[in-house]
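Protein sequence lines, in the order shown, are assigned to chains A and B.
Using my numbering, you'd call the opening residue of the first sequence number 1 and step up by one each time.
Using my numbering, you'd call the opening residue of the second sequence number 1 and step up by one each time.
Mixed in with the good hints, there may be bad ones.
Some chain A residues near chain B, calculated using beta-carbon distances under 7 Å [what the hints assert, rightly or not]:
#1 43
#2 45
#3 48
#4 56
#5 87
#6 90
#7 96
#8 108
#9 109
#10 112
#11 113
#12 114
#13 115
Cβ-to-Cβ under 8 Å is the rule here; a few derived chain A residues that face chain B [as the list claims (entries may be wrong)]:
#14 31
#15 55
#16 59
#17 111
Treat the hints as calculated values from the structure; they're not laboratory data.
C-beta atoms are modelled at their ideal positions from N, C-alpha and C, and glycine is treated no differently.
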Amino acid sequence: ETGVTQTPRHLVMGMTNKKSLKCEQHLGHNAMYWYKQSAKKPLELMFVYSLEERVENNSVPSRFSPECPNSSHLFLHLHTLQPEDSALYLCASSQDSRTGTGQPLAKNIQYFGAGTRLSVL
Amino acid sequence: DQQVKQNSPSLSVQEGRISILNCDYTNSMFDYFLWYKKYPAEGPTFLISISSIKDKNEDGRFTVFLNKSAKHLSLHIVPSQPGDSAVYFCAARARDSSYKLIFGSGTRLLVRP
Chain A
1 ETGVTQTPRH
11 LVMGMTNKKS
21 LKCEQHLGHN
31 AMYWYKQSAK
41 KPLELMFVYS
51 LEERVENNSV
61 PSRFSPECPN
71 SSHLFLHLHT
81 LQPEDSALYL
91 CASSQDSRTG
101 TGQPLAKNIQ
111 YFGAGTRLSV
121 L
Chain B
1 DQQVKQNSPS
11 LSVQEGRISI
21 LNCDYTNSMF
31 DYFLWYKKYP
41 AEGPTFLISI
51 SSIKDKNEDG
61 RFTVFLNKSA
71 KHLSLHIVPS
81 QPGDSAVYFC
91 AARARDSSYK
101 LIFGSGTRLL
111 VRP
């Protein structure tokens, strides 16, 4: 148990469906992330929220829509997905700490949930 | 183009021997490196990290070495145990980024009893 919980663990959806992935962290962190891991590919960062504001958006298609209502919860809303969107979606959280000059501290370790295995038919 | 590469997709090692997992990177702005371990049906878990101001960091059976001139890092596990069998990911973070980790594609380690 890493303190980051993702639901559901598995999801099968059609291309016309709308579904949401949920992530909750119990670590008191102030930053949350969505990653995508496709087969035989590295983890790809999709979105980052820090203090509930989106700070990174890596050219992700608009059919993926993140939502961060508070620092403990993160959602990924899915609609009209394509079969190539089938992948493992991982949520992570970290404590974003900075020096007095605004430089990030080294030890902003990201802690991951177990992921949602998504299949788009 | 991948900025972090793990060129060995798999590695098999006898229990008790040393496991050496390798990682190469291309971006000279990377100043912090991490290793994560992933078991099936679980998320990646943080294992060990190293800052670019060091060339070695040790934590029990796990040691990470960093060769900045070669842009290469390695994870040594000694002695290897069957419970170490997992996929190991190398990740790097750039100097000016608090958030963005660039991951390698992973190396699957099998430790044979």
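query = Looking at the structure, which of the earlier hints fail to hold?
reply = Going through the list in order, the structure violates hints 5 and 16 and respects the others.
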